[in-house]
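Colleague: The hints should help you fit chain B onto chain A, whose structure is shown.
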Amino acid sequence: MYRYIVNRVLLVIPTLVGAAALVFVLMRLIPGDICVVRLGSGGASVDPRTVALCHAELGFDRPLILQFLDFVWGFLRLDFGVSMWSGKPVAEEIAARLPISLEIAVVATVVAILIAIPLGTISALKQNSWIDHVVRTAAIAGIATPSFWLGIVSILVVLDISNAVFGAPWMPPIDYVPFWQDPLRNLSMVILPALTVGYRYSAVTMRMTRSAMLEVLREDYIRTARAKGLVERLIINRHALKNALLPVVTLIGIEFAFLIGGLVVTEQVFNVNAVGRLFVLAVQNQDYTLTQAIVMLTVAIFVLANLAVDLLYAWLDPRIRFG
Amino acid sequence: MVDIAPRYAPAAVDDVAERPRSWRAGVIGFCRRQPLGTVGLAVVLVMAVAGLSAEWIAPYSPTSNDFAAMTEPPSWAHLMGTDQFGRDLFSRIVFGARTALIVGFSCAIIGGVTGLVLGVASAYFGGRIDLVLQRVLDVVMAFPLIIMALAVIAIFGSGVFNVIVAITIPLIPRCARVVRSSALAIREMPYIDAARACGFGHTRIILRHMVPNVLAPFLIMLTAFVGQAILAEASLSYLGLGVQEPTAAWGLMLQGGAEEYASTAPWIAVFPGIAIALTVFGFSLFGDALRDAIDPRLRDR
Numbered sequence: 000m001y002r003y004i005v006n007r008v009l010l011v012i013p014t015l016v017g018a019a020a021l022v023f024v025l026m027r028l029i030p031g032d033i034c035v036v037r038l039g040s041g042g043a044s045v046d047p048r049t050v051a052l053c054h055a056e057l058g059f060d061r062p063l064i065l066q067f068l069d070f071v072w073g074f075l076r077l078d079f080g081v082s083m084w085s086g087k088p089v090a091e092e093i094a095a096r097l098p099i100s101l102e103i104a105v106v107a108t109v110v111a112i113l114i115a116i117p118l119g120t121i122s123a124l125k126q127n128s129w130i131d132h133v134v135r136t137a138a139i140a141g142i143a144t145p146s147f148w149l150g151i152v153s154i155l156v157v158l159d160i161s162n163a164v165f166g167a168p169w170m171p172p173i174d175y176v177p178f179w180q181d182p183l184r185n186l187s188m189v190i191l192p193a194l195t196v197g198y199r200y201s202a203v204t205m206r207m208t209r210s211a212m213l214e215v216l217r218e219d220y221i222r223t224a225r226a227k228g229l230v231e232r233l234i235i236n237r238h239a240l241k242n243a244l245l246p247v248v249t250l251i252g253i254e255f256a257f258l259i260g261g262l263v264v265t266e267q268v269f270n271v272n273a274v275g276r277l278f279v280l281a282v283q284n285q286d287y288t289l290t291q292a293i294v295m296l297t298v299a300i301f302v303l304a305n306l307a308v309d310l311l312y313a314w315l316d317p318r319i320r321f322g
Numbered sequence: 000m001v002d003i004a005p006r007y008a009p010a011a012v013d014d015v016a017e018r019p020r021s022w023r024a025g026v027i028g029f030c031r032r033q034p035l036g037t038v039g040l041a042v043v044l045v046m047a048v049a050g051l052s053a054e055w056i057a058p059y060s061p062t063s064n065d066f067a068a069m070t071e072p073p074s075w076a077h078l079m080g081t082d083q084f085g086r087d088l089f090s091r092i093v094f095g096a097r098t099a100l101i102v103g104f105s106c107a108i109i110g111g112v113t114g115l116v117l118g119v120a121s122a123y124f125g126g127r128i129d130l131v132l133q134r135v136l137d138v139v140m141a142f143p144l145i146i147m148a149l150a151v152i153a154i155f156g157s158g159v160f161n162v163i164v165a166i167t168i169p170l171i172p173r174c175a176r177v178v179r180s181s182a183l184a185i186r187e188m189p190y191i192d193a194a195r196a197c198g199f200g201h202t203r204i205i206l207r208h209m210v211p212n213v214l215a216p217f218l219i220m221l222t223a224f225v226g227q228a229i230l231a232e233a234s235l236s237y238l239g240l241g242v243q244e245p246t247a248a249w250g251l252m253l254q255g256g257a258e259e260y261a262s263t264a265p266w267i268a269v270f271p272g273i274a275i276a277l278t279v280f281g282f283s284l285f286g287d288a289l290r291d292a293i294d295p296r297l298r299d300r
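Protein chains in written order, with numbering that gives the first Met the number 0: chain A, 0 to 322; chain B, 0 to 300.
For reference, chain A alone in the conformation it holds in the complex (with noise of 0.2 Å):
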C-alpha cells in the first residue's frame, strides 16, 4: 500500500513539470509581444529601445531556461509573481475572481448529484421501461446540447417570463456579492450559469450511476440478497448504490476538473466576470505570467482531482494496491 502511494504521488510530478513546459513553450510561440501592446495601445508606432526597457524590466533578456526555472521555482514556492498587464499580484488577481468560478462550479455539482443519482438508480432498476427511455434520452441531450446555447436560451426565457409576469425585464446582476452579504443576490447571479452547466454534469452522472447499477445487480451477493428475502429498499440502499457509487465518484471528480477548464464560454455567455474571462484576456495581452498561473492552477486541480480519486480507490479495492 504504501508503495503504491509513493510511486502514485511521484508521477504527479512529470505531469506538473510537463505542463509547465507546455504552457511556457506556447504562450512564447504565440506571435505579439506584451510590451508593444501594453506601450502602443494608440495604435502610435513604438520606439524600440521603450521596448527594450520594457523587455528588460520584464526579464524577456534572460536567457529562456533561466526564466523557465524563476517560473517552475515561483511555483513550487506558490509564488506566482505580478501580472505582466495590469501590475497586480497575479495571486490576488486570480484570488479576486475564484470564488465566482468555484461557486459557479460547486452549485453545478450539487444539483448534477441530486439529479443524476437518484434519475441513474430508477432507470436501471426500471430498465427498459418508459421511464429509463425518458431519462437515458434526457441524458443524451443533455450532453448533445452546448451549454453557450442553453444558456443563450434560459436568459432569452427569464426576460420573456419576467416581462410578462413584472412587466419589466429581468437580467441577472453582473457585479457579484459574496453569498454571505446578500444570499438572494448571489444566487440568483449564480444560479443560471450552474444550471446549463449542471446539465450536461448531471446528463454525464446519470449515464454512469445507470451502467454501474446495472452492473452491481448482477452480481451475486445481490441476488443471495434476494433470497435471503432482503427487503428490496435495503438491498438497493445498502448493498447496491454503495458499490455502484464507486466509478460515480470517480466521474464527479474528473468532470469537476473538466469543469473548470470548461467555465470559459459559459462566463462568456453570462456575461460573468470570473477566472475564465480573466484567462482569455491574459491570452490576447501576452501575459505570460497569468496565463501560467491559470494554465498550471487548472492542471494541477485536474492531476489532484485524478490522484484523489485513484488513491481512494486503491483503499477501498485491495486489488489495485497489491496488483
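No wet-lab data here; the hints were simulated from the structure. Glycine included, C-beta positions come from ideal geometry on N, C-alpha and C. Some hints here could point you the wrong way.
[Claimed, not checked] Derived Cβ-Cβ restraints for the label pairs, each shown as a range:
{"hint": "1", "chain 1": "A", "residue 1": "R27", "chain 2": "B", "residue 2": "R134", "range": "19 to 25 Å"}
{"hint": "2", "chain 1": "B", "residue 1": "V159", "chain 2": "A", "residue 2": "R222", "range": "43 to 49 Å"}
{"hint": "3", "chain 1": "B", "residue 1": "R134", "chain 2": "A", "residue 2": "V133", "range": "40 to 46 Å"}
{"hint": "4", "chain 1": "A", "residue 1": "D159", "chain 2": "B", "residue 2": "I27", "range": "44 to 50 Å"}
{"hint": "5", "chain 1": "A", "residue 1": "V157", "chain 2": "B", "residue 2": "V159", "range": "30 to 36 Å"}
{"hint": "6", "chain 1": "B", "residue 1": "T62", "chain 2": "A", "residue 2": "L310", "range": "37 to 43 Å"}
Modeller: Only chain B this time, still in chain A's reference frame:
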C-alpha cells in the same frame, strides 16, 4: 417491487439463433433491436445529405445579404427567418452542416487513428516506452480542451484546418488511454506470442494482430468523438476562435447577433442551437446503440 424475471431469461440463445448473416440483414436487425439508435442513424444521415448536397438544398446563398429582409421571422420565403444581415438562416444551417461534418469527421478520424496507434504501441512495447508515453499523454489530457485550442489558434491563426488541429490534439490521449487498456489484455494472448515466435516485426504484429482486436471499442469511441468535435467546434467558433465569417458555421451563427437580437428575433439564436444539439444527439444515440449491439455483455441490457 422490481421486476427481475426478464433479466434471467435465456436471451443469449435467441441472440445466436437470430444473429443476422448478411450485411443487409445486419442493418435490419440493428434497426429492430435498437429503435433509438435507428433514430440517431436517421438524424446522422439527414445531416450528411444536407452537408454533402448543400448547394442543391439551400434556397439561397449562405453569404448573400439582403438588406431589405433583415431579422425577418420565419416564413415560406425564409423557412427559419433571416439574421441581422438579411442572410437566410435555413441556407446557413444547411451549409453549416458541411462545416460541422468536415470538422467532426476529420477530428474524430485523425485523433482516433493517432490515439489507436499510440495506445496499441504503448501497450505492446510496455516498460519505459509505455511509462514515458503515458506521462506525455497525461500532460495533454490535463490541459483543458478549450485552453489547448485557444493556444493552437493563437499561434497558427483561425480557419477550418487549424480548428481541426486544435480539436484533434486533446482527443488523442483520450482514445489512446482506452485503446491501451484493451490492448494490454490482448498482449497476453497466446497468438501474440505465436506471431512473435514466427519472427514477425513489431509493425506487423501491432497492425495485423493487435489493432483489429481493439477495433470494437475504438469504433464506438469514434462516433462519440464526432459529436464531441462538433460541440468543441461550435464552442470555439462561438468564442470567436474557430471558423471565421463569412463561412457558415453553427457556433459562429450564435455569436454576436444572436445575443444582441435575442429578445426581438429569437429565431437567430434558436435554430443553430437546435442544429448542433440534434446532430450531436444523433451521433450519441447511434454510438450508444452501436456499443450495445457490438458488446455481447450488454446485449440483454
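Colleague: Indicate, hint by hint, whether the structure satisfies it.
Modeller: Comparing the hints with the structure gives:
no. : hint                           : in the structure
1   : A:R27 with B:R134: 19 to 25 Å  : 22 Å, holds
2   : B:V159 with A:R222: 43 to 49 Å : 55 Å, violated
3   : B:R134 with A:V133: 40 to 46 Å : 43 Å, holds
4   : A:D159 with B:I27: 44 to 50 Å  : 46 Å, holds
5   : A:V157 with B:V159: 30 to 36 Å : 35 Å, holds
6   : B:T62 with A:L310: 37 to 43 Å  : 55 Å, violated
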